[in-house]
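K.L.:
Residues per chain, in single letters:
There are 2 protein chains.
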Amino acid sequence: MDPRIREHAEIIANHSVDLQSGDNVVIDAHPVAEDLVVALHEVIGEKGANPLTTTKRAGKRQTRAYLRASDADDFETPEHELALIEETDVYIAVRATDNATQTSDVDPEIRSASQQAYSPILEERLSKRWCLTQFPAPANAQLAEMSTEAYENFVWDAVNKDWEEQREHQENMVEILDPADEVRIVSGDTTDLTMSVDGNPTINDHGEHNLPGGEVFTAPRPSTVEGEVLFDMPLYHQGREITDVYLEFEGGEVVQHSAAKNEDVLSEVLNTDDGARRLGELGIGMNRDIDRFTYNMLFDEKMGDTVHMAVGRAYDDTVGEGNETNDSAVHVDMIVDMSEDSFIEVDGEVVQRDGTFRFEDGEV
Amino acid sequence: MDPRIREHAEIIANHSVDLQSGDNVVIDAHPVAEDLVVALHEVIGEKGANPLTTTKRAGKRQTRAYLRASDADDFETPEHELALIEETDVYIAVRATDNATQTSDVDPEIRSASQQAYSPILEERLSKRWCLTQFPAPANAQLAEMSTEAYENFVWDAVNKDWEEQREHQENMVEILDPADEVRIVSGDTTDLTMSVDGNPTINDHGEHNLPGGEVFTAPRPSTVEGEVLFDMPLYHQGREITDVYLEFEGGEVVQHSAAKNEDVLSEVLNTDDGARRLGELGIGMNRDIDRFTYNMLFDEKMGDTVHMAVGRAYDDTVGEGNETNDSAVHVDMIVDMSEDSFIEVDGEVVQRDGTFRFEDGEV
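Chains as they are written, first to last, in my numbering: chain D, 33 to 396; chain X, 33 to 396.
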């Protein structure tokens, strides 16, 4: 087995989820990620923790068969899975597939109904020590338009790194955003969006919940979002590419939307519930080792010179005490390229221009 | 997909586990059985039930890694898995592997310790609607010394059949064994064993808990087993073949044992706990469609002209009210060939001789 797989497993266990003896662990993974699942079992055995592997989220072919055979009215929260997650200490979600477009012929309405029923389980999961990571399977390499070997190098370089150093780099931006009130994102003449993050904590993502990490993120106060945004980086959602997503916000709510490709999938997302039409996250990509777009949000949103926002659910730890949160069954990230003709303004001061931070250059 | 896979899934759902709308279902399967898992998801979706797939028992490579890295003292009952099974209505275990000898280099002592910790979960599972079945993976075909196509035919012929007809054939033997007291099994000059089954119900296995089914079975009263038995059909346990298992019973307990091959594995089984040295099952194989030995207990024990016994745990529904049961963390079946120079005697009357039943011939 490639020694980088064992290294990946150790970073998950020791850095991301702080695995302890006696922990009840769930690993969710597609069979193509078997090598990483095996390496994780080795580490879990050494620690004296208890592993269980599921293929719930990752087993796309079975999910497709189930969803296509299901009636939208029939979904209910599976109590057995909820009970499992309630007693789980550590949840490790491994992304990898044998066909990234496996669920492209599932009715988006059915999927939304299923996700709504699943929402209490997602909520429970997010209250645990959890980590979402990637295994470099051939189909994921294909999606990234890379050879399998080059993609393996890309993934393991991004994952198996010095996370303390990355944390320190990002802390500069946390110190700006955490005490801030108003944030304004401007890019070309298509994006000019303002929002308040007043009182909402900014998180330094250095490879804990997401591996790779490499962003700082917070939650907008949902009702304060105003303006328009064009997400000019493509989005790969549930097996379909959505391009040029345009959203216009008034009083925090999407009042107009469009997409160049697969607009119906976007509409379905926004119609999931009330929270799906409001922002739940603002993130700044700061991982310069992720130097290319790979159609994979876990990596793409961490790219240097990008900003991303998610419609839907806000993460609890980004919502300040007493502040309004955004609840939803979905959380869908979308990216704006900030490398050219763009700036980020915090409380009236430009903190990043064309991808360069003030704390890097002294000025911008 | 081969239409026999969909048929298999329907028999599991409609005949074996009586799947209902709203049922919480766990499927445990190795990825090589993906086709059957997908077909099951289709049927489960149609019914409006809730599927979750795990690879706990079936994912041998991960299990091997976990067990080899573990310390025997560290095992504890995984509470998250127990919580899952407590809230589960239907448990479907699919046997299939990519390497039948995958766990052959796991220390038997470690495995026993792990099984003991797992025992409350097994107990919980057996209280649900459950089914154990087989998918004809290439490695299982290899174990059976058959081509993959011939093995597929063998498995699907044995599984996709008229179970009502099989049930009626077996009911003849249930009527003999259910009210009986003493059973005597004699084969050649190596096996002469007596036991009481007084008050213990005899179960007609027609493809419910086991698919294929094809046996009638009950539990001996544990302390009444006396005599000696040579299991002349080989046994494939945890990745290792054990041949010519010889057990001698006094007062229900194994007082002497040997095996021609892998005797240490047999010893490890018998030393798991007190119940592992006593019988938990007596079964009569009655499925004549299973016409060859395939090194797979799920099929082998159902063969016509065989008798099998298990050391370890007795199934609850085979123990009469007030009768002594046999508790254990293990349940290991072993087979005696009854086709030649053999007979089964029930309360002093011969009911089968050289594989032919009295109710088939009128006399034996």
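Read the hints as simulated data drawn from the structure, not as lab findings. These figures come from a predicted structure and were not determined experimentally. Keep in mind that a hint or two might mislead.
Since the list can't tell identical chains apart, any single copy or any two copies may satisfy a pair.
[Claimed, not checked] Below, computed lysine to any residue pairings styled on SDA-like, alpha-carbon distance capped at 20 Å: (1) K88 with D67; (2) K79 with D106; (3) K88 with A145; (4) K193 with H241; (5) K88 with V70; (6) K160 with A212; (7) K293 with G271; (8) K293 with D323; (9) K88 with E119; (10) K88 with D121; (11) K88 with Q147; (12) K79 with A104; (13) K79 with A149; (14) K79 with D103; (15) K160 with F391; (16) K88 with H241; (17) K79 with D264; (18) K79 with R100; (19) K160 with V287.
K.L.:
Run every hint past the structure and note whether it holds.
P.N.:
Checked hints:
| no. | hint | result |
| --- | --- | --- |
| 1 | K88 with D67 | both (18 Å within a copy, 16 Å between copies) |
| 2 | K79 with D106 | between (41 Å within a copy, 9 Å between copies) |
| 3 | K88 with A145 | within (16 Å within a copy, 29 Å between copies) |
| 4 | K193 with H241 | within (15 Å within a copy, 50 Å between copies) |
| 5 | K88 with V70 | both (18 Å within a copy, 12 Å between copies) |
| 6 | K160 with A212 | neither (28 Å within a copy, 55 Å between copies) |
| 7 | K293 with G271 | within (13 Å within a copy, 52 Å between copies) |
| 8 | K293 with D323 | neither (25 Å within a copy, 58 Å between copies) |
| 9 | K88 with E119 | both (17 Å within a copy, 17 Å between copies) |
| 10 | K88 with D121 | both (18 Å within a copy, 17 Å between copies) |
| 11 | K88 with Q147 | within (12 Å within a copy, 25 Å between copies) |
| 12 | K79 with A104 | between (42 Å within a copy, 12 Å between copies) |
| 13 | K79 with A149 | between (34 Å within a copy, 17 Å between copies) |
| 14 | K79 with D103 | between (43 Å within a copy, 9 Å between copies) |
| 15 | K160 with F391 | neither (34 Å within a copy, 61 Å between copies) |
| 16 | K88 with H241 | within (19 Å within a copy, 24 Å between copies) |
| 17 | K79 with D264 | neither (45 Å within a copy, 42 Å between copies) |
| 18 | K79 with R100 | between (41 Å within a copy, 12 Å between copies) |
| 19 | K160 with V287 | neither (35 Å within a copy, 50 Å between copies) |
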